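In UniProt numbering, the protein residues as written are 1 to 335.
Quick caveat, the hints were computed from the structure, so don't treat them as lab data.
A hint or two may mislead.
[Stated by the list, open to error] Think about it this way: if two alpha-carbon atoms lie no more than 27 Å apart in a straight line, the pair counts; the simulated BS3-like pairs of lysine-lysine are:
| no. | residue 1 | residue 2 |
| --- | --- | --- |
| 1 | 260 | 281 |
| 2 | 283 | 260 |
| 3 | 105 | 142 |
| 4 | 142 | 113 |
| 5 | 156 | 142 |
| 6 | 156 | 105 |
Computed from a prediction, not measured in an experiment: that's the story for all the values here.
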Amino acid sequence: MKRAAIVLSTALLLTSVLAACGSSSSESSTSTTKAVKTSSASTVEGVLALGRPVVLGHAAGENTAPHSTMFGFSESVNAGVDVIDLDIQRTADDVLVVQHDDNTKRTTESDLKVHDLTYEQIHALDNGYWFASSCANTCTGKPETEYIYRGMRTGKVTPPTGYTADDFAVPRFSDVAERWPDYVLNIEIKGDAPDAFHTADLLAAEITRLGRTDSVVVTSFKDDVIAHFHELLPEVMMSPGLDTLTAYVLAGGSIPMWEKILQVPPDYQGVEVFTPSYVEKTKAGGYVNWVWPNGAGEDEAGYLDLFERGANGINASAPAAGVAALNTYLEQLEE
1 MKRAAIVLST
11 ALLLTSVLAA
21 CGSSSSESST
31 STTKAVKTSS
41 ASTVEGVLAL
51 GRPVVLGHAA
61 GENTAPHSTM
71 FGFSESVNAG
81 VDVIDLDIQR
91 TADDVLVVQH
101 DDNTKRTTES
111 DLKVHDLTYE
121 QIHALDNGYW
131 FASSCANTCT
141 GKPETEYIYR
151 GMRTGKVTPP
161 TGYTADDFAV
171 PRFSDVAERW
181 PDYVLNIEIK
191 GDAPDAFHTA
201 DLLAAEITRL
211 GRTDSVVVTS
221 FKDDVIAHFH
231 ELLPEVMMSP
241 GLDTLTAYVL
251 AGGSIPMWEK
261 ILQVPPDYQG
271 VEVFTPSYVE
281 KTKAGGYVNW
291 VWPNGAGEDE
301 AGYLDLFERG
311 ANGINASAPA
321 AGVAALNTYL
331 EQLEE
């Protein structure tokens, strides 16, 4: 009974934390950021064949740059990430935008529903408005001087050298995909069915148009959304949703190889999810473990610990620290 209770508790906590992760100008405008770096591998299979763990830049490195901005993505790439991580929503005029929440309150100066806005309306907002220098990610109630990127979108403050006002806006999915064509993208479809089905339809069309079927990983917390997208583009690598992962933790079994990249948190409220037995089981099954720290241990020491525990990838909110941890880990292997 005690063992069963522990297993059930772990599963419930996994369900809770996976759900919690869902809580982080003109159409012709283009970004003119710094020179584009090249990636270590330009396809999913290439990334998996590198022979080492990888670093993803979670939501444009949200702890060190404004969430989901072209500025943040560029800084993540410059830090040396292997994979770009992003969330997508769709606007009222069916444009896919890189946006985590279903409203704009957490990152911009306005509290508006994404689905009620056209692309031009959401793109005009200041997406660096609530990023403060004294806290990770976004926070309110800080002195004005701590909001170091506020006003760069609107032209009140001059952006850093090499960047423009557009780099602090809410970008389109295509902006990121076209800006870094040789980087693998880890894409989460936000929202629930049936609305998320339409978002999935738009994403499948964009991926096909851009020729990116072999260079994206697509996921959602909703298994029905994943199944819908898989029917549209069965050749695209995906990660399993909440129900599939919970069942796997509870009862084991197998997950199809088109969902072989498993994305889980290390722990939640003191209960370990990314356990040695979990790592052993997943690796024996041929699965790949990409871990998202969920806001805890988001520093070099925390990332290094995850690599040492068997993570094949870390979705780091502090990308430079993630890359530093990876380099330290690889140096340790050579000793």
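Here is how each hint holds up against the structure:
{"no.": "1", "hint": "260 <-> 281", "result": "holds, 13 Å"}
{"no.": "2", "hint": "283 <-> 260", "result": "holds, 10 Å"}
{"no.": "3", "hint": "105 <-> 142", "result": "holds, 16 Å"}
{"no.": "4", "hint": "142 <-> 113", "result": "holds, 25 Å"}
{"no.": "5", "hint": "156 <-> 142", "result": "holds, 19 Å"}
{"no.": "6", "hint": "156 <-> 105", "result": "holds, 20 Å"}
In summary, the structure agrees with every hint in the numbered list given earlier.
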